[in-house]
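S.K.: Heads up: the sequence lines are chains Z and R, in that order. For the first sequence, position 115 (counting from the first letter as 1) is numbered 115 according to the numbering used here, and the numbering increases by one without interruption. For the second sequence, position 53 (counting from the first letter as 1) is numbered 53 according to the numbering used here, and the numbering increases by one without interruption.
Think of the hints as simulated: they come from the structure by calculation, not from any bench. Some clues are possibly wrong.
Here are a few chain R residues that sit away from chain Z, every Cβ distance over 10 angstroms (derived from the structure) [claimed, not checked]:
(1) P12
(2) E17
(3) L54
(4) N55
(5) E58
(6) R64
(7) Q66
(8) G212
(9) D259
Heads up, simulated DSSO-like pairs for lysine-lysine below, C-alpha to C-alpha not over 30 angstroms straight-line [what the hints assert, rightly or not]:
(10) R/K44 x Z/K176
(11) Z/K7 x Z/K78
(12) R/K44 x Z/K125
(13) Z/K33 x R/K44
(14) Z/K7 x R/K44
(15) Z/K63 x Z/K7
(16) Z/K5 x Z/K63
(17) Z/K33 x Z/K51
(18) R/K44 x Z/K63
(19) R/K44 x Z/K150
(20) Z/K33 x Z/K125
(21) Z/K9 x Z/K33
(22) Z/K105 x Z/K125
(23) Z/K48 x Z/K105
(24) Z/K51 x Z/K5
The C-beta atom is built at its ideal place from N, Cα and C for all residues, glycine as well.
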Amino acid sequence: MLGRKKKEKEKRFAEEALPHMDTLYRGAFYLTKREAEADDLVQETYLKAFKKFDSFQAGTNCKAWLYRIMTNTFLNSKRKSKRVDSFVDNNSPGDYEAYIRNPTKLTRMDPEATFLHRTLSPAVKEALDSLPPDFRAAVILCDLQEFTYKEVAEILGCPTGTVMSRIYRGRNLLKKKLVEHAIESGLLIPQAAEESKNAPASLEGYRMKRNSLGGGQSA
Amino acid sequence: MNCRDVQRELYPYMDGEFEVEEAVQLEAHVEGCEECRQVLIFEKNLFSGIREKLNVCEAPAHLRSQILNALENEEQASLLVRLLRWTGMDGQAVQWQFASAFSLSFAVVLGGYWLNAQQTGQEIKPEVRPVTASVSIPLPVTGMTPDPQNNAPNPVLSLVSGDLTTSAIGAHLNTSPQGYEENHERVWELARSQFLGMEPPFRESSGSRLLGARLGGRGLVSSVIYEYDIDGSRVTAVQSVLPRGWGRQGRFYNVEQRDGLTVVTFQQSENVLTSLVSSATEDTLRGLIELNTVR
Numbered sequence: 001m002l003g004r005k006k007k008e009k010e011k012r013f014a015e016e017a018l019p020h021m022d023t024l025y026r027g028a029f030y031l032t033k034r035e036a037e038a039d040d041l042v043q044e045t046y047l048k049a050f051k052k053f054d055s056f057q058a059g060t061n062c063k064a065w066l067y068r069i070m071t072n073t074f075l076n077s078k079r080k081s082k083r084v085d086s087f088v089d090n091n092s093p094g095d096y097e098a099y100i101r102n103p104t105k106l107t108r109m110d111p112e113a114t115f116l117h118r119t120l121s122p123a124v125k126e127a128l129d130s131l132p133p134d135f136r137a138a139v140i141l142c143d144l145q146e147f148t149y150k151e152v153a154e155i156l157g158c159p160t161g162t163v164m165s166r167i168y169r170g171r172n173l174l175k176k177k178l179v180e181h182a183i184e185s186g187l188l189i190p191q192a193a194e195e196s197k198n199a200p201a202s203l204e205g206y207r208m209k210r211n212s213l214g215g216g217q218s219a
Numbered sequence: 001m002n003c004r005d006v007q008r009e010l011y012p013y014m015d016g017e018f019e020v021e022e023a024v025q026l027e028a029h030v031e032g033c034e035e036c037r038q039v040l041i042f043e044k045n046l047f048s049g050i051r052e053k054l055n056v057c058e059a060p061a062h063l064r065s066q067i068l069n070a071l072e073n074e075e076q077a078s079l080l081v082r083l084l085r086w087t088g089m090d091g092q093a094v095q096w097q098f099a100s101a102f103s104l105s106f107a108v109v110l111g112g113y114w115l116n117a118q119q120t121g122q123e124i125k126p127e128v129r130p131v132t133a134s135v136s137i138p139l140p141v142t143g144m145t146p147d148p149q150n151n152a153p154n155p156v157l158s159l160v161s162g163d164l165t166t167s168a169i170g171a172h173l174n175t176s177p178q179g180y181e182e183n184h185e186r187v188w189e190l191a192r193s194q195f196l197g198m199e200p201p202f203r204e205s206s207g208s209r210l211l212g213a214r215l216g217g218r219g220l221v222s223s224v225i226y227e228y229d230i231d232g233s234r235v236t237a238v239q240s241v242l243p244r245g246w247g248r249q250g251r252f253y254n255v256e257q258r259d260g261l262t263v264v265t266f267q268q269s270e271n272v273l274t275s276l277v278s279s280a281t282e283d284t285l286r287g288l289i290e291l292n293t294v295r
């Protein structure tokens, strides 16, 4: 009976897909830049998922399946709206590039990464927002949703090697943004690095220190 | 593994992607290398901190209903939404009461009705005298006689009776129904015109007085909720009009006791089920029904 089959589908959808709404929203919130966009993205994901629900195999990972729909929807909309991403400073060395390029320097500045405790969540979101969509998606799936690399690869439809490099580069960019933000707002003082053997040229270091201290006082 | 390898492979290691053997190798290096050890601690702290900072966001309350509405607008999803409302997945606390696909359709229909009756539960009035069987209510309402002994089981009605009981108690605990306060005839006229000739459960007489009535129900189940004072006791009657054909087989009569209240649900006519709620005993309520239904 057709009606019966349909009802079974609806019941399965209600039981398997809808409980993931909160976790999907969290992903959508960080994928997109505005809350309203996150709402729309989750809604669109559920509408698509319901239409395609027949193709979902019972017993497989429903959360990953929903994430695949959502991530594809998001990335496709980004590709449509902007063919080339605005991200440009991938290779342009910023003021604090040396600290990020050399993990040891960064570690000496703040061995336990305590600066993050004093960084506000909106600043972290802003840093995440600055990543190119593909990298952002990989980092969100891995860090927030704790999918394995293999699952991320399935969701994004790319090889595991690509996932690894996107996570590596995505995290490094995120780290760079956060460190820059921390130095600019005085949460992190590049003093320890200066004092180390591998310190940058003293004038540059001095300016950096002066700027960061000035920023800290005025804030 | 040298420092370069370790620092390049740090993330797969932190993410638990390493095989045991690879992890052992990396850990062996880190053990003997202060610099790499510090980088690892830093990275671990940094990303667990980021996770913490980013985990604070919650789905807004409106999103769930917004999505359910969107699904509802999809033609093919309209039934699903009603189903979700019933299962409480739209945020209301309702439990699954039915399991089979067959019963789901009734659950869907009754869900809204049930919720409607649940919205304003209040405390039971402390002092309600039992209704006596000697109430005189002169005019019979229908020709149906409740017959608990020869109650041919009707699977459809058996499924819904528990929910009718629940909704009737909800209506009873909710104080006087809003709407048609004093004019019995008017409610009767309304019920007649709206619900294909459904008659009120009791006619007004010296012993019974209508305190109030309102139209209720949602979806395919319409209902009228009446509140009577019968010899000084409060009796709530909920008439539910079921879709045609539901009550065809046999007659239905069901008694339930919950929270010191007796609920008798009987089949008033083919597609009308009436539930009476009061603190009186079943015998009293049954007497009341007989008085009303025997010509």
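S.K.: All the hints need checking, so say for each whether the structure fits it.
M.R.: Hints, one by one, checked against the model:
1. Distance check for R/P12 against chain Z: the nearest CB is about 6 angstroms away, which does not clear 10 angstroms, and the non-interface claim fails.
2. Against the 10 angstroms criterion, R/E17 falls within the reach of chain Z, whose nearest CB is about 5 angstroms from its own CB.
3. R/L54, annotated as away from the interface, has a beta carbon of chain Z within 10 angstroms; the closest lies near 6 angstroms.
4. With a least beta-carbon separation of about 7 angstroms from chain Z, R/N55 fails to lie farther than 10 angstroms from that chain, contradicting its non-interface assignment.
5. At the 10 angstroms boundary, the C-beta of R/E58 falls inside the reach of chain Z, the nearest C-beta of that chain being 7 angstroms off.
6. For R/R64, the requirement that its beta carbon stay farther than 10 angstroms from each beta carbon of chain Z is not met, with the minimum near 6 angstroms.
7. Look at R/Q66: its CB is around 6 angstroms from the nearest CB on chain Z, not clear of 10 angstroms, so calling it non-interface is violated.
8. With a least beta-carbon separation of about 37 angstroms from chain Z, R/G212 lies farther than 10 angstroms from that chain, consistent with its non-interface assignment.
9. Listed as a non-interface residue, R/D259 keeps its Cβ farther than 10 angstroms from every Cβ of chain Z; the least gap is roughly 30 angstroms.
10. At roughly 15 angstroms between alpha-carbon atoms, R/K44 and Z/K176 fall within 30 angstroms of each other, so this suggested pair holds.
11. Note on Z/K7 and Z/K78: the hinted pairing is violated, with a Cα-Cα distance of about 35 angstroms set against a maximum of 30 angstroms.
12. The straight-line distance between the Cα atoms of R/K44 and Z/K125 is roughly 19 angstroms, inside the 30 angstroms bound, and the hint therefore holds.
13. For the suggested pair Z/K33 and R/K44, the alpha carbons sit about 26 angstroms apart, so the restraint of at most 30 angstroms is met.
14. For the proposed pair Z/K7 and R/K44, the alpha carbon gap of about 47 angstroms is over 30 angstroms, so the pair is violated.
15. The suggested pairing of Z/K63 with Z/K7 holds, with an alpha-carbon distance near 22 angstroms, which does not exceed 30 angstroms.
16. Of the pairs offered as hints, the one joining Z/K5 and Z/K63 holds, with about 23 angstroms between alpha carbons and a cut-off of 30 angstroms not exceeded.
17. Proximity of Z/K33 to Z/K51 is assessed by CA-CA distance (about 27 angstroms); at most 30 angstroms being required, the pair is judged to hold.
18. With a CA separation close to 26 angstroms, the supplied pair R/K44 and Z/K63 stays within the 30 angstroms bound.
19. For the proposed pair R/K44 and Z/K150, the alpha carbon gap of about 21 angstroms is at most 30 angstroms, so the pair holds.
20. The suggested pairing of Z/K33 with Z/K125 holds, with an alpha-carbon distance near 9 angstroms, which does not exceed 30 angstroms.
21. Pair hint Z/K9 plus Z/K33 does not hold up; C-alpha atoms about 33 angstroms apart against a cutoff of 30 angstroms.
22. For the hint linking Z/K105 to Z/K125, the alpha-carbon distance of about 25 angstroms falls within 30 angstroms, and the restraint holds.
23. At roughly 47 angstroms between alpha-carbon atoms, Z/K48 and Z/K105 are farther apart than 30 angstroms, so this suggested pair is violated.
24. With a CA separation close to 14 angstroms, the supplied pair Z/K51 and Z/K5 stays within the 30 angstroms bound.
Going down the numbered hints, you'll see the structure goes against 1, 2, 3, 4, 5, 6, 7, 11, 14, 21 and 23, while the others check out.
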